[in-house]
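Chemist: Could you put together the complete structure from these sequences and hints?
The primary structure of each chain is shown beneath.
Number of protein chains: 2
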Amino acid sequence: MKQQTCGELDFIERFLRRTSGYVAEKWESRHLVTVASKGDPADLLTEVDLTVQKRFADLLSQTYPHDVLVAEENGLDRVPDPSAERRVWVVDPIDGTYNFVRGMRPIFGISIAFLENGETRCAGVAFPLDNCCYLALRGGGAWCDGRPIRVSDIKKLNEACVEIDFSVMEDRRMFMERASDIMLRAGQIRCCGAAVGGICQVASGESEAYLHMTLHPWDYAAAQLIAEEAGGMATRLDGSPLRVFDGRQGVLISNGAVHREILSVIRP
Amino acid sequence: MKQQTCGELDFIERFLRRTSGYVAEKWESRHLVTVASKGDPADLLTEVDLTVQKRFADLLSQTYPHDVLVAEENGLDRVPDPSAERRVWVVDPIDGTYNFVRGMRPIFGISIAFLENGETRCAGVAFPLDNCCYLALRGGGAWCDGRPIRVSDIKKLNEACVEIDFSVMEDRRMFMERASDIMLRAGQIRCCGAAVGGICQVASGESEAYLHMTLHPWDYAAAQLIAEEAGGMATRLDGSPLRVFDGRQGVLISNGAVHREILSVIRP
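Protein chains in written order, with my numbering: chain A, 8 to 275; chain B, 8 to 275.
Mixed in with the good hints there might be a few duds.
It does not matter which identical chain is meant; a pair holds if it fits inside one copy or across any two.
Unchecked claim - Using 27 Å as the maximum straight-line C-alpha spacing, the simulated DSS-like pairs for lysine-lysine come out as follows:
1. K45 x K33
2. K162 x K45
3. K33 x K61
4. K61 x K45
5. K163 x K61
6. K163 x K45
7. K61 x K9
8. K45 x K9
Just so you know, the hints here were simulated from the structure itself, not pulled from any lab data. Just so you know, these numbers come straight off a predicted model, no measurement behind them.
Modeler: If you want it as C-alpha cells, here you go:
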C-alpha cells in the first residue's frame, strides 16, 4: 500500500522531518538545555518544547493563516469553539519531556494532528532519536517512514504487553485502584512515560494496549488516528468513543483484539 | 579518574565489546530470530541468548578452565558451593529478552560478574544497541565507556524517578501489595523490563532507584557492583545486605539518598 497523503499531511511530514534534526541535536547536548518545572517537579518544560511550538506556530500562520492552534505550552492549551473554529491543529511540541531530560534510551516525540469539523483528518508523530516518522490519513492508512503499519493479532490479556502510565501524583491513587486488575493480568507491563511512544507501539504491533487515566488532547490526538488507521481501537475507559475535545481524560487504545477484555477489568 | 582494571575485568570488557556487535546485528534482523517460551508466555528465550552464553562458556573454559559458571540458560542456573567453588562467574546472556523481541527503543543487555569467595570483584554490562559498556572494579570505581559515573543526589522520593518491575504473573499480586506506597509516592515511575537497564540508570544518575521483588542472581550481580561503585546502595527489601547467592529475591538499589525513605514505605 503506497503512502497516501493530502496537503495538510504533507505539511505535517515536512515540519516533523525538518524539526526532528533540531530536537535530536538538542538532546545530544541536553545538559546545556534550560529546564523548568511547571509546578509538579515531574512536569518539566524545556526551551526545546517552546522552540518547537513556536516554529510550528510561525509556519502555520504563514501557510494556513486562518487555522487555529491548540498546543500544550504557552497558554494555547484550550478547547476550541467547535462552531467558529472549523480547522484546528493540535500539537504537543515534545511529548515525554521528562524522558528528553533523563533516561537511558528515552522515548519522546513531536505530535501534530489536523482536525476538520472536530474530526482528526491526518496526523503525524516523529521520534527524533530514531529519525522516524509515523503518519496517518483518515481512511487512507498509517505508515512508519512510508511502510504500512498494522496492529498485532494477540487476543488475550495474559499474552499481551500493556503500556501504562502512572500520571501525576494527585491522580496516582485513582489510577492504581481502577487499573489494578490490568496490572495483575497483563502478560507484560511497560511504562515508558510518553503517550506517543505507548500509542505508536500499539499501532506498529509492538505492544497490545495503551492505558492512561488523565491524558490531554495534545497527548493522543495524533497517535490515536495512527493507531486507528493501523487497525486499532480507541475509546474512553467506559467504552464510549474517544473524541479529542470532549473534556474527558481516560484513554484506552489497543489492537482491538484485547480491547473488550481490558474494558471488562477496568474498575469504574 | 582513569579507568582501573584487573585481568578478569579486561576479560569481561573484551567479551562484551566483541559480543555486542553480534547481538546488535541479530536485533536488526530480529524477525528471523527463533523465539521460544519458557512456560510463562512472557518468559522468552531466543537463539541469541543461547549463543551468547555458549560463546562465554567456551572462552571461559579456555581462559580460566577451573572457574565455575552460573548462568540463566541451559541448566546453569544453580547456586555454587561456596566451600569448593572459589571463583565464580555469573552471567545473563541477554537480560531483557522480551524487549529484544519487541519494543520501540528496547533496553536489554549482557551481564557478567566475577565473584571471588562469594564477593563480586569486578563486573560489566553491555547495551548492544547503544554500543556502550558499563564496568566496575570493587574499590576502584565504575565507568561507562571509560568515563566515571556517579549516582544522582536527589534526596526525596516525590522528586525521584523509580524504576519498578511487575515480575511474572504469579508474583504480581505480592508486588502490587508491597510496593503500592512507592507507586503512590514516587515522582516518576518507569518500567523498562530489564534489570540491567534499571540498575545501570541508577548508577549513571538517570534515575534514583530500582525495585524488584523476584530477581535472580544473574539479573543483578553485575549491575549491583556498578551501582555501588558509582556511589549507590543495594539491599534486600528489609534493608539487609544484598548478597548474590543468599537464596532471597527482593532487591532495592538506589542512589543512597532515597534508600531509607523507600525502605520505610515497602510493606512487609
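Chemist: Next, verify each hint and record whether it holds.
Modeler: Hints and how they fare:
In this assembly of identical chains, the alpha carbons of K45 and K33 lie at most 27 Å apart only when taken from the same copy (20 Å versus 42 Å across copies). Taking the shortest Cα distances, K162 and K45 sit within 27 Å of each other only across copies (20 Å), while inside one copy they are farther apart (40 Å). Only within a single protomer do K33 and K61 lie at most 27 Å apart by alpha-carbon distance; the minimum there is 16 Å, versus 41 Å between protomers. Taking identical chains as interchangeable, the C-alpha atoms of K61 and K45 lie at most 27 Å apart only when both belong to the same chain, with a minimum of 18 Å there against 51 Å between chains.
Neither within a single protomer nor between protomers do K163 and K61 lie at most 27 Å apart by alpha-carbon distance, with minima of 43 Å and 34 Å respectively. In the homo-oligomer, the alpha carbons of K163 and K45 lie at most 27 Å apart only across protomers (18 Å), although the nearest pairing inside one protomer, at 39 Å, exceeds that limit. In this assembly of identical chains, K61 and K9 lie within 27 Å of each other by CA distance neither inside one copy nor across copies; the values are 32 Å within and 44 Å between. Taking CA atoms no more than 27 Å apart as the test, K45 paired with K9 passes in neither setting, with 42 Å inside one copy and 39 Å between copies.
In the structure shown, a violation is registered for the earlier hints numbered 5, 7, 8, in ascending order.
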